[in-house]
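Q: One letter stands for each residue in the lines below.
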Amino acid sequence: MHEEDEVATPIHEEPREPEEPQALEGPRKLEGRVLALWWMVAFAWALVLSTGAFMAHLLILPGIDALRWLRDLGPWPMVALFFLWAIFVPPLRYRRWRYALRDDDLWIRQGIFWRSVSVIPYRRLQFVDTRQGPLENLFGLAQLVVHTAAPGTSGLVPGLDREEAETIRERLAALAGEADDPV
Amino acid sequence: MTPSEPSSPLEGIPSRLPLAALGVWVMRSLIGLIPAALIFLVGQVPVRLIIVLVLAFQVTHVVTWLRFSWRLDASALIIERGLLMRERRVIPRDRVQSVDLERTLVHRILGVTEVRVEAIGAQDTEGALPALQPAVAEALREALLGTSDADEGFPVEGAASAPSSGDETIDGEAPFAAGPPRPSRAPEIIARMSGRDLLVAGITGGRVGVGAAILGLVSQVAPAEWVAAVLLPGLEQMPDPMSLAGLRILLFLGGMAILIGFLTSLVATLLIHWNFTLTRTPTALQVRRGLLTEHRDTVPFRRIQALRVEENWIRRIFGLASVKVVVAGRAGSSQRTGADLILPVGSRRRAFELAREIVGMEPEGAPPLVAMPDHARRRRLLRAFVATVLAAVGGGIAGAWIEAWTPWLTVPVFSLLVLVTGLLLARFSYRGLGWADHDPVLVVREGALTRRWALVPLESVQELRTVSNPFQRRRNLATLELHIARPVGVFGAPRAIDLEDRVAAHLRERWALRLAQGDR
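Read top to bottom, the protein sequences are chains X and F. In terms of our numbering, the first sequence is residues 173 to 355. In terms of our numbering, the second sequence is residues 243 to 762.
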């Protein structure tokens, strides 16, 4: 897999092979701990969904004659699917995740199936939060949330070290101030 | 500013609404209570009791009126109201996006005007003053939209911290320059709709769907026999689509749906946009419209985030289009009431002239676009084929299952229909795509049947995002989204779908850089 393939420098002429971004630092990975957190959550979901599959088999499917083939199959294929998903998706997701504080903007790359690269100019930052759920607390992690005037949350960087998140938040706030634009 | 006698709320002294506001509420509630009163009458409730109940109900309005106060101070519009739950709403002046004046029939009888203040970040109307004297309403609008002009350096969004002073924004790189500065020039009418124009707008409005929906609703709600009695005289059961008589009835129903759609569209358009006049003042666009309810909507240029030009398929045939403004604060309500339309319908040429004039581009028809790469077309064709195969398989299974028809005849015919439709849609959808960089305005277009153009000044872009799904990646395609401050839930972010992925990344970076350097 080309790891850094969408990371383009600001280019002035023709599109050419992209390079590393002009960053204050290079693109960074999330904290490794977040993978453990994601795995935990994914397994919890897989358990819930598998329970659902079993329930469906015991309670609902016997009543529907047309779906006999599904009943004969048993709940195991579904359960296997859920757990395969729980095992493999978090690491893929982790591997794909990068963020960078570039000269003029925050750069975020994410997504396995729907891959996206977001560029949020510092000028456009309305406010920057850090968030911490109970699970994140457990792992000493925090989320960085970046808002612009566009509806919804623009940027969300999930797996940051708690202190790191604070540092970045302050830095972004300062950068937004420097860029000196309406808030 | 309109010279109006100084009125205390505009100088920061809290005051109530005029007594006429109470009148508006009472009249409205009386009208609203008529059905209930009729039911009571039929139920032989004594007339005197009904009158007492109705009057008791009015007490709530008196209380509301007594507890409602508003004022405008140097920094904000402040509305306080409520008896048990005191509500105090503070709308900072620099967050005001637009001010709309509205006069329903009741307002007109009582000689007052409702004022709606839309602010950034609000889901619904942020500040509503249900009834004010017209002069006060005008003065309030001037105060809210006029003063903030002088405060602000930058034309597109938010508050005042851009380095330059107000003067420079108009002729500088401001996206909504709207021509040279004309500070004390009189308002200028730039578009007007005659009754004939509105007829055209209504007929080509493409609200066939509404008619179909109404028909569907009626057939859902009303008992089947009743529908049959009205619509299908002489028929005891639902028509069989395979028989000739059944087909005729279905065609008749379809025709009815289209007719109802036309009529609804027509009446709605006439009511909403009657006497439509678009005026330009030095700092804002003003729309005056409405037959029963009279609207006067004002949007400052610097609050316009983007412009949308829409051509549905009917209008495209006749070379017509409509123009809408995208304003951050106006929520779904504006979509329903049509407040975002600044040209209900007009020739394509006129529509683009208007749109380009407002975003500060040279007015010369539709901006030329760059087509998407050929893979984008192939992706759509493939999609049509896949859909056909799926439909054929599904149709075959369903046909075999219910054994209602002969699958060997129906499935191929059905599949062919799906294929032709699919291929046509694929073609339309591809041809609907396009993008262009007319610095400082970005133009993107999408839509198979209704072509939707977005003219987005780079200055109003908040975030640039490229997205690709697995199918797009197979063909090295990606979508570039331009996230702007826009009302939630009305439409998505403007986007250039299916660019070559390298071009998408290049544009993302180039535009981000230009955006970052915009204020240097």
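It is possible that some hints are incorrect.
Said to hold, decoys possible - Ranges between beta-carbon positions, derived for each pair:
1. Leu611(F) <-> Phe285(X): 37 to 45 Å
2. Trp217(X) <-> Leu347(F): 37 to 45 Å
3. Leu632(F) <-> Asp275(X): 17 to 25 Å
4. Leu310(X) <-> Gln759(F): 42 to 50 Å
5. Gly246(X) <-> Leu651(F): 36 to 44 Å
6. Phe299(X) <-> Pro429(F): 55 to 63 Å
7. Ile639(F) <-> Thr223(X): 54 to 62 Å
8. Met227(X) <-> Leu512(F): 49 to 57 Å
9. Gly246(X) <-> Val628(F): 28 to 36 Å
10. Ala345(X) <-> Asp679(F): 50 to 58 Å
Because the hints were derived from the structure by calculation, they are not lab data. Glycine included, C-beta positions come from ideal geometry on N, C-alpha and C.
Q: Indicate, hint by hint, whether the structure satisfies it.
A: Here is how each hint holds up against the structure:
1. Leu611(F) <-> Phe285(X): 37 to 45 Å: violated, 29 Å
2. Trp217(X) <-> Leu347(F): 37 to 45 Å: violated, 56 Å
3. Leu632(F) <-> Asp275(X): 17 to 25 Å: violated, 48 Å
4. Leu310(X) <-> Gln759(F): 42 to 50 Å: The hinted range 42 to 50 Å holds for Leu310(X) and Gln759(F), with Cβ atoms some 43 Å apart.
5. Gly246(X) <-> Leu651(F): 36 to 44 Å: holds, 39 Å
6. Phe299(X) <-> Pro429(F): 55 to 63 Å: Cβ of Phe299(X) to Cβ of Pro429(F): about 38 Å, so the range 55 to 63 Å is violated.
7. Ile639(F) <-> Thr223(X): 54 to 62 Å: violated, 31 Å
8. Met227(X) <-> Leu512(F): 49 to 57 Å: holds, 56 Å
9. Gly246(X) <-> Val628(F): 28 to 36 Å: holds, 31 Å
10. Ala345(X) <-> Asp679(F): 50 to 58 Å: Violated - the Cβ-Cβ distance for Ala345(X) and Asp679(F), about 32 Å, lies outside 50 to 58 Å.
Of the numbered hints stated above, those contradicted by the structure are hints 1, 2, 3, 6, 7 and 10, listed in ascending order.
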